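Using the sequences provided together with the hints, build the complete structure.
Spelled out from the first residue to the last, the chains are:
2 protein chains.
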Amino acid sequence: MRFLELAGRRQSDRRYAETPLPRDAIERCLEAARLAPSACNSQPWSFIVVDHPGDRDRLAAAAFSGIYNMNRFAARAPVLVAVVTERSKYIARLGGMIRGVQYSLLDVGAACEHLILQAAEEGLGTCWLGWFDEKAVKRTLGLPREARVDVLISVGYAEEGATREKKRKSLDEVRRYFRS
Amino acid sequence: MRFLELAGRRQSDRRYAETPLPRDAIERCLEAARLAPSACNSQPWSFIVVDHPGDRDRLAAAAFSGIYNMNRFAARAPVLVAVVTERSKYIARLGGMIRGVQYSLLDVGAACEHLILQAAEEGLGTCWLGWFDEKAVKRTLGLPREARVDVLISVGYAEEGATREKKRKSLDEVRRYFRS
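Residue numbers (the numbering used here), protein chains in the order written: chain A, 1 to 180; chain B, 1001 to 1180.
Don't read these hints as lab results, they were simulated from the structure. Please read these numbers as outputs of a predicted model, since none were measured by experiment. Glycine is no exception: its CB is placed at the ideal position from the N, C-alpha and C atoms. All clues given are correct.
Residues on chain A that point at chain B, a partial pick, calculated with CB under 7 Å:
{"hint": "1", "residue": "F3"}
{"hint": "2", "residue": "L35"}
{"hint": "3", "residue": "S46"}
{"hint": "4", "residue": "F47"}
{"hint": "5", "residue": "D55"}
{"hint": "6", "residue": "V101"}
{"hint": "7", "residue": "L106"}
{"hint": "8", "residue": "L117"}
{"hint": "9", "residue": "G130"}
{"hint": "10", "residue": "R168"}
{"hint": "11", "residue": "R175"}
Written out as structure tokens, the structure reads:
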């Protein structure tokens, strides 16, 4: 599949079949994430895969209650991946401080998208989740208070396989060619 | 090309041939970026393509002088893309504030990586650049002071075509399967 076709096919899926995922497919998704680039090659990420149904239920209950209820659909995904934003190398953090940019978020964005694109190629549905009770997630996963879980990703076989038309700004709205 | 193969082939290239790039290849890279996912579909990005040699020289001189000198190599790339981080939708900014995460950086990370993966498929070399004089870049491009240019991307035909072995942490170092 050409990359543009893959990028067009990737979409946020919010309904999943109950079919469990084979771990080798999950491993390929994580392998793709592992290969992503990062500032100073810091690789400021780690991935906690929750694919045991009981644990997945506990994590989802913790993550998506109260004001975080809108992402409750993810409780039905056979796999939830908690993406931990790790500290970048000192030189990248120093550079980021001077520049006023948290490079590690750019890096985690790229790595998560690698994971998700590989999932799309595997025929899996995914959804990026940024809206969840992080404290409760960390408690459930036994992570220290200072850990950062900025993203959860739900993964499963999408119940509706059809590719939706993407709603995006036109190319003319988002790019221009500069001439002084 | 399978996605894992593409992810393995993508690498940071720092030496470019002088050959100019056809705009249709640049357009496909931008199209890939345009299709990237983002929090609340905010699409908080825009791309300024600098492919006129005189303008490219002026931008590079502004971006990579003084303490930013280490990225001087990018002055030889036929194309520099300035990636502007735009404001996310209100609801995404509010959510990000509550969660303490700048979602727009995750989004820009995903979109830049789409651009770069498409470039890799086109046989082009690229490099993410986060270390440059942003104020001087904005002045050169006529952007307002409050604009954010968090990333520059250099694009060209890589002078050395060989794929290097990637230095990454092992999968065992970056992922684990959770059991309570």
